[in-house]
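S.K.: Sequences listed follow chains Y and D, in order.
The opening position of the first sequence corresponds to residue 3 in the working numbering, with each subsequent residue numbered one higher.
The opening position of the second sequence corresponds to residue 218 in the working numbering, with each subsequent residue numbered one higher.
No wet-lab data here; the hints were simulated from the structure.
Keep in mind the model is a prediction, meaning the values are calculated, not measured.
A few of these clues could be false.
List time: in silico DSS-like cross-link candidates among lysine-lysine, alpha-carbon distance up to 25 Å [said to hold, decoys possible]: (1) D:K536 x Y:K174; (2) D:K284 x D:K336; (3) D:K334 x Y:K106; (4) Y:K222 x D:K334; (5) D:K334 x Y:K163; (6) Y:K173 x D:K536; (7) Y:K106 x D:K336; (8) D:K431 x Y:K106.
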Amino acid sequence: MNNKTTNDPEKSALIELIYQLGDDDFILAYRGSEWLGLAPHIEEDVAFSSISQDMMGHATMYYHLLEALGEGEADELAHLRNPEAFRNAILLEKVNGSGTYLDKPDYDWAFAVVRNYFYAVHKQVRLESLRLSSYGPLADAARKIITEQYYHLMHWELWFKQLVTSTEEAKKRMFSAVETVWKDFGGVLTLGPSYSEMVKAGFIEDENLMKKRWLNRIEKMFQETGVPLQGEPLIESGNGRKREHTQDLADALATLSEVYATNPASGW
Amino acid sequence: MQAGLRFEQLTNEEKHQHFMERINRGEKIEADDWMPDDYRTSLIRLISMHGISEIMGALPEKEWVPKAPSLHRKLAIMAKVQDEMGHGQLLLRVAEDLMAPLGKTREDIMQDLFSGKLKFHNVFHMEAPTWGDAGMIAWLVDGAAIISQSMMLDSSYGPYARALKRICAEEVFHAQHGESIILALAEGTPEQRELLQDSLNRWWTSLIMFFGPKSAKETGNSNADKNIMYKIRTKTNEELRQEFFTKYIPRIWALGLTIPDETIHFDDDTQMWIYQDVDWSEFKQIVSGNGPRSQDRLDLRRRSYDNNGWVREALAAQKAI
Chain Y
3 MNNKTTNDPE
13 KSALIELIYQ
23 LGDDDFILAY
33 RGSEWLGLAP
43 HIEEDVAFSS
53 ISQDMMGHAT
63 MYYHLLEALG
73 EGEADELAHL
83 RNPEAFRNAI
93 LLEKVNGSGT
103 YLDKPDYDWA
113 FAVVRNYFYA
123 VHKQVRLESL
133 RLSSYGPLAD
143 AARKIITEQY
153 YHLMHWELWF
163 KQLVTSTEEA
173 KKRMFSAVET
183 VWKDFGGVLT
193 LGPSYSEMVK
203 AGFIEDENLM
213 KKRWLNRIEK
223 MFQETGVPLQ
233 GEPLIESGNG
243 RKREHTQDLA
253 DALATLSEVY
263 ATNPASGW
Chain D
218 MQAGLRFEQL
228 TNEEKHQHFM
238 ERINRGEKIE
248 ADDWMPDDYR
258 TSLIRLISMH
268 GISEIMGALP
278 EKEWVPKAPS
288 LHRKLAIMAK
298 VQDEMGHGQL
308 LLRVAEDLMA
318 PLGKTREDIM
328 QDLFSGKLKF
338 HNVFHMEAPT
348 WGDAGMIAWL
358 VDGAAIISQS
368 MMLDSSYGPY
378 ARALKRICAE
388 EVFHAQHGES
398 IILALAEGTP
408 EQRELLQDSL
418 NRWWTSLIMF
428 FGPKSAKETG
438 NSNADKNIMY
448 KIRTKTNEEL
458 RQEFFTKYIP
468 RIWALGLTIP
478 DETIHFDDDT
488 QMWIYQDVDW
498 SEFKQIVSGN
508 GPRSQDRLDL
518 RRRSYDNNGW
528 VREALAAQKA
538 I
């Protein structure tokens, strides 16, 4: 499916921003749903699946905003776009580990905790900014989402703290996951090519300002828990905001649209 | 009980008699109350099996969570499977309290699951190869579960009865979620209807088996009879199966689906459904871990248990600080 184009640069920037927001939550919620039944304990399975469900709900809200802006039906946006039409950060599409969710899933809990914790902090920062967005429907959505996001952040923060301050093995695994995630977290923090239009129109604040807020919170946590500081977050695997993606996204989209794509016109 | 005599001083037989009087009066037994050993072991067997079935039951549906064919269905099935995990957790907590005096913990439950000692419901050993199965599980498997669990809402063991109240309330939503998937398919394209009929064909035998054999003859044990005596449950397997038929067969027919049993009909004389009985030796094979997906699903749990060993150690070390 092709995306509608508009000559209005402000509207294009708004649409671009909402795709980023929706696609980030959508793909990470999908990765979360793959963890179901595989979390370290049953209590975590319940909590994690609740968080993934919330995030999928947030993605749905954003896709409905896009629907209202003439981008097509929310379900089609989620299930029928090509990988090249997605704007999520590459870090969020990466697989949970080796194997698939059905076959020999050797998933990495340290990676899950670090990716989700870093993302939750960023999502919080981003939502705090979006609450004041000049685009009313987006500000309304942000206000709703932030009430749930508060608990997600608490959840991942607790896991992060507990694991980086525990056994030597846990520290080693967590520090290594921090390094891995750091290499691509810059891709989450950027707003992509039309960023100055987004900021000029007041849809969201300056990405550098938000990056600074994110870094402040993360570095404070690192200092409290003895995690080595990492410098500037990087964008090593490519920039998803420029629609660059990996095979991981293509594979995920093939799976999540497998049933829908057999007959998109039919009711399911 | 004789006046002035302390309960601890009674003989075991007297305690047992006192206990039976309590449950016959309809009183609820609580975790810290005295109970006969075989009442405790019956409860542990029943509740840990129920709890672990909820958890293993999340796995066939999990196969369809990422693939659910719309945002709405994705959200609904995520919520549903999360509920099932929550039920598992709730029930394991009840089982853990009962096991505590025996020096056992959740670790023992998990190890018993992995070794095959602790069994889980036959339905969760089966394949769920299509989206139709996701609907069928939620509609008919959860529908069957509601029937068998509802009869224990008044169970003599208070903590189990209370857990079941919440579980049954949520299961009703699951069955509605399942029914909604089924209706969408039934009203859909010929391919979608075929998907649905195939799924019913696949699940019918498992649904008959779900309630267990008619009598101890087929399995050689009498857990059901003992559970009735102790008022843990109130109905026999066959009574529950008949209730299931009465509730669901008309609905299945109303959707224009065919039940894969030509003999099935309601007999006016006996007021019973007559049906083709299943091969109970196959049932035994399945619940012993030899079903088509038994080992694959157990492997998923074993693998995640092994992969997350370092996390459990890290959490234990945190607690020790």
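S.K.: For the pair we were handed, K536 of chain D and K174 of chain Y, check the Cα-Cα distance against 25 Å.
M.R.: Judged against 25 Å, a Cα distance of about 19 Å means the pair holds.
S.K.: Does K284 of chain D pair with K336 of chain D here, judged by a C-alpha cut-off of 25 Å?
M.R.: Status violated; Cα separation ~28 Å.
S.K.: Next pair to validate is K334 of chain D with K163 of chain Y; report whether the Cα-Cα distance is within 25 Å.
M.R.: 37 Å, violated
S.K.: Is the Cα-Cα distance between K106 of chain Y and K336 of chain D 25 Å or less?
M.R.: 22 Å, holds
S.K.: Measure nothing beyond the straight line between the CA atoms of K431 of chain D and K106 of chain Y; if it is 25 Å or shorter, mark the hint as holding.
M.R.: Distance of about 39 Å is beyond 25 Å: violated.
S.K.: Are K334 of chain D and K106 of chain Y close enough, with their CA atoms no more than 25 Å apart?
M.R.: 23 Å, holds
S.K.: For a C-alpha distance cap of 25 Å, please report whether K222 of chain Y and K334 of chain D respect it.
M.R.: 49 Å, violated
S.K.: For a C-alpha distance cap of 25 Å, please report whether K173 of chain Y and K536 of chain D respect it.
M.R.: With a Cα-Cα distance of about 16 Å, the restraint between K173 of chain Y and K536 of chain D holds, given a limit of 25 Å.
When held up to the earlier numbered hints, the structure conflicts with 2, 4, 5 and 8 and fits the remainder.
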